[in-house]
Amino acid sequence: MNPRTAPRGVKAYAGTLAIVAAAVAVGLVLQQARIPPANFSLVFLTAVLVSAIVYGLWPALFACIASLFAYNFFFLPPLYTLTIEDRSNIVTLFFFGVVAFVGSNLAARVRRQNVIAETERLRSAMLTSLSHDLRTPLASILGAVSSLRAHRRSLTGPSQDDLLATIHEEAERLHRFIGNLLDMTRLECGAVAAKVEAVDLSDVTGTALRRAENILQAHRVEVDIPPDLPLVELDPVLFEQVLFNLLDNAAKYAPRHTDIRLRAREDGPLVTMEVADQGDGIPTGESERIFDRFHRAESADRKRAGTGLGLAICRGFLRAMKSNIVAANREGERGAVFTITMPSTRSAS
Amino acid sequence: MSRPLRILVVDDEPPIRRLLRTSFAAQGYEVSEADDSPSAYRMLRAEDPDVMVLDLGLPGKDGFELIRNIREAALTIPIVVLSSRTDEAGKVRALDMGADDYVTKPFGTDELLARIRVAVRHRLHQDGEHAVFEVEDLKADLVRRVVRVRGAEVKFTPREYDLLRLLIAHAGKVLTHKFILREVWGGEGEVQYLRIYIRTLRQKIERDPERPQLILTEQGVGYRLKAPDGTLRMETA
Numbered sequence: 001m002n003p004r005t006a007p008r009g010v011k012a013y014a015g016t017l018a019i020v021a022a023a024v025a026v027g028l029v030l031q032q033a034r035i036p037p038a039n040f041s042l043v044f045l046t047a048v049l050v051s052a053i054v055y056g057l058w059p060a061l062f063a064c065i066a067s068l069f070a071y072n073f074f075f076l077p078p079l080y081t082l083t084i085e086d087r088s089n090i091v092t093l094f095f096f097g098v099v100a101f102v103g104s105n106l107a108a109r110v111r112r113q114n115v116i117a118e119t120e121r122l123r124s125a126m127l128t129s130l131s132h133d134l135r136t137p138l139a140s141i142l143g144a145v146s147s148l149r150a151h152r153r154s155l156t157g158p159s160q161d162d163l164l165a166t167i168h169e170e171a172e173r174l175h176r177f178i179g180n181l182l183d184m185t186r187l188e189c190g191a192v193a194a195k196v197e198a199v200d201l202s203d204v205t206g207t208a209l210r211r212a213e214n215i216l217q218a219h220r221v222e223v224d225i226p227p228d229l230p231l232v233e234l235d236p237v238l239f240e241q242v243l244f245n246l247l248d249n250a251a252k253y254a255p256r257h258t259d260i261r262l263r264a265r266e267d268g269p270l271v272t273m274e275v276a277d278q279g280d281g282i283p284t285g286e287s288e289r290i291f292d293r294f295h296r297a298e299s300a301d302r303k304r305a306g307t308g309l310g311l312a313i314c315r316g317f318l319r320a321m322k323s324n325i326v327a328a329n330r331e332g333e334r335g336a337v338f339t340i341t342m343p344s345t346r347s348a349s
Numbered sequence: 001m002s003r004p005l006r007i008l009v010v011d012d013e014p015p016i017r018r019l020l021r022t023s024f025a026a027q028g029y030e031v032s033e034a035d036d037s038p039s040a041y042r043m044l045r046a047e048d049p050d051v052m053v054l055d056l057g058l059p060g061k062d063g064f065e066l067i068r069n070i071r072e073a074a075l076t077i078p079i080v081v082l083s084s085r086t087d088e089a090g091k092v093r094a095l096d097m098g099a100d101d102y103v104t105k106p107f108g109t110d111e112l113l114a115r116i117r118v119a120v121r122h123r124l125h126q127d128g129e130h131a132v133f134e135v136e137d138l139k140a141d142l143v144r145r146v147v148r149v150r151g152a153e154v155k156f157t158p159r160e161y162d163l164l165r166l167l168i169a170h171a172g173k174v175l176t177h178k179f180i181l182r183e184v185w186g187g188e189g190e191v192q193y194l195r196i197y198i199r200t201l202r203q204k205i206e207r208d209p210e211r212p213q214l215i216l217t218e219q220g221v222g223y224r225l226k227a228p229d230g231t232l233r234m235e236t237a
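Protein chains in written order, with the working numbering: chain A, 1 to 349; chain B, 1 to 237.
Rather than coming from a laboratory, the hints here were simulated on the basis of the structure. There may be inaccurate statements among the hints.
[Stated by the list, open to error] Straight-line Cα separation of at most 27 Å, DSSO-like style, residue types lysine-lysine; simulated pairs:
| no. | chain 1 | residue 1 | chain 2 | residue 2 |
| --- | --- | --- | --- | --- |
| 1 | B | 178 | B | 105 |
| 2 | A | 195 | A | 322 |
| 3 | A | 195 | B | 155 |
| 4 | B | 178 | B | 226 |
| 5 | A | 11 | A | 322 |
| 6 | A | 195 | B | 178 |
| 7 | A | 195 | A | 11 |
| 8 | B | 155 | B | 226 |
| 9 | B | 105 | B | 155 |
| 10 | A | 322 | B | 226 |
| 11 | B | 105 | A | 252 |
| 12 | B | 178 | B | 155 |
Note that the coordinates shown come from a computational prediction; the quantities given were computed from them, not determined experimentally.
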C-alpha cells in the first residue's frame, strides 16, 4: 500500500465507524421511545449508504459488518450479547445484511461515477495546460535557435542577445513548469515525505528570494522577519518551493513596479507568514478554488501565463508538513494576501 | 610552467558530454569523457585528470559506487557531482561519501566551472590555510583572529568564530550539516543549533541578513561561504 492511501484508508474506516456509532446513538434514542428494534435496521441501512457515498465500497462493506454486530449487540435481545433469541430477528438481520450489501454496491457505483467525471474534467484541464505550457516555451526556443543558426551573419549583436535571452528565459520557464508537474505528480502518488526539522524562516526566505531573483526583477520585495523569531517546524526544501511558488504567483498577478511584502510574526505556539501583493486580488468566492489543480484566476483582458499548479502544490506541501495556507484580499488595500500558519519550535516545549 | 586543467567528464548522456566538452574546451581546459563507471575508473588511472565531473545516475554501477571505489583506493581527485533537483538526500550522500561539491541539473556551465575551480583549489591548498581571507565586505585575519566587516571590527563568541573559520577554510565549497556539526560541535550538536548560529553570523556579517550574499544556504544540504573569484591554471613542477 502506498503511503498516501494508508492514512486516507484509516481515516475512511474511522469515519465509517463514527457513522455507525451515530446510528447506534439514534437507535438508543428510539429505544427510549419504545419503538420495536426491528425498525432500527433502516437506521443502520442509512449509515451504510452514507458510508458508501462518502467513502466508497470497502468502507461501506465494513460499515455493513459493523452495523450487523452493533445492531445485534445493542438492540436485539438478549441485549449486550452477540447471541439472538428470537428467530424472526435472525431473519431481519439476514435481510438487513443482504440489502445493505446490495445498497452499498449501488451507492459506491454512483460515487465512482462522480469521481470519474471529476477525473475527466481534471484530465482535460491538464492536457490543455500541458500542451500550452510545454509548447509555448518550446516554440520560442526552437524559433530563436533556428533564427540564430540560419541568420547568424545578418543578425546584429543586440538581436542575437535578444534571441539568446529568449532561449534562456523560456528554457527556465519550461524548467519551472516541469518542476511543478513533477511536484504535483509526487503529491498525487504520495511520494512527498516531509522531513520536518527546526528551520530558520529568514534562511528559507533568503534561498527562495535568491531562486526567484530573475522572475522578481520588475517587483520590489520587502522582507519583514523579526530577528528573534523562533525557529519553525518545517521541511526546508518543500517550504522553499512553497515560497518560490507564492513569489512566482505574485510576480505573475501583480503589475510591474509594485511591492510584494513578506512578513512573519510569532502568534502563540504558531508562526504566521504573509505574502502580500498589490495585484487585482482574488475574485469573490474564489479564495478556496485557487488552490485547486489547474485552476487559474483569469481576468477578461489578460491571459495569465500561470500553470494552475503552483498554489495547489503550496497547499499540498504545507499539508504534508502540518501547516496550512489560506488566501484573502488585503484589508483596506489593493491586492491578495496568502497567509501560512506553521508550528514554531516553542510550541513543542 | 603551467598546463591546462584536465577534466574527466563522466555522464551517459551524449548531449551533456557534448555541452561540457565544448564549454570546457572554450575555457582552454582539456577534456576526456567516459560514459560509465568502469571506463571512468580506468581513465582515472590511465590519464590522471585533475578533476572529475560525475553524473550520479549512471547505468549499471552508479555514481555513488564510483565515488566509494575512488575514495577507497585513496585517490584524492576532486569530484563535482551532477545531481537532480529533488534529490537532496542523494547530494548529501554523495558529499558524505567523498564528493567535493555538486551542481543541480539543469545547470549553467559558468556555475559548474566555478564549482570545479573551487574544488581543485581546495585540493591544492588542503594543508596550507591562508592567513588573510577576503571576500566582498568581509575581511578575516585568521592569525590575529580579527574579523572586519566594511572596515569595522566585529566580535564573535568562540563558537561563532569556529564556525566562521570553518566556512572560510572551505570557502566556495558546500559543507553538509553533518560535517559542520562534527567539526564545530564535535558531532554533539543538532541542526537546530547550527541554524541559530548561522542566523547570528549573518546578522553580524551580512548587509541584509534576509538576502545573504556571503553565507549561502543549500537547502536540505548545508551551507556555502562565497569564495573570492579567481581563475586557475595547474602549476607543473
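Here's how the hints hold up against the structure:
1. Pair hint residue 178 (chain B) plus residue 105 (chain B) holds up; C-alpha atoms about 24 Å apart against a cutoff of 27 Å.
2. Distance restraint check for residue 195 (chain A) and residue 322 (chain A): the Cα-Cα separation of roughly 11 Å lies within the 27 Å cut-off, and the hinted pair is therefore satisfied.
3. Between residue 195 (chain A) and residue 155 (chain B) the alpha-carbon distance is near 35 Å, which puts this suggested pair outside the 27 Å criterion.
4. Simply put, residue 178 (chain B) and residue 226 (chain B) have alpha-carbon atoms about 20 Å apart, close enough for the 27 Å limit, and the pair holds.
5. Distance restraint check for residue 11 (chain A) and residue 322 (chain A): the Cα-Cα separation of roughly 16 Å lies within the 27 Å cut-off, and the hinted pair is therefore satisfied.
6. Taking the CA atoms of residue 195 (chain A) and residue 178 (chain B), the gap is near 16 Å; set against the 27 Å cutoff, the hint holds.
7. Note on residue 195 (chain A) and residue 11 (chain A): the hinted pairing holds, with a Cα-Cα distance of about 22 Å set against a maximum of 27 Å.
8. Proposed proximity of residue 155 (chain B) and residue 226 (chain B) is supported: the alpha carbons are some 20 Å apart, at most 27 Å.
9. Under the criterion of a C-alpha separation no larger than 27 Å, the hint pairing residue 105 (chain B) with residue 155 (chain B) is inconsistent with the structure, at around 39 Å.
10. A distance of roughly 34 Å separates the Cα atoms of residue 322 (chain A) and residue 226 (chain B); the hinted pair therefore is violated under the 27 Å criterion.
11. A hinted pair counts as satisfied when its Cα atoms are at most 27 Å apart, and residue 105 (chain B) with residue 252 (chain A) qualifies at roughly 25 Å.
12. A hinted pair counts as satisfied when its Cα atoms are at most 27 Å apart, and residue 178 (chain B) with residue 155 (chain B) qualifies at roughly 26 Å.
Violated hints for the displayed structure, listed by number in ascending order: 3, 9 and 10.
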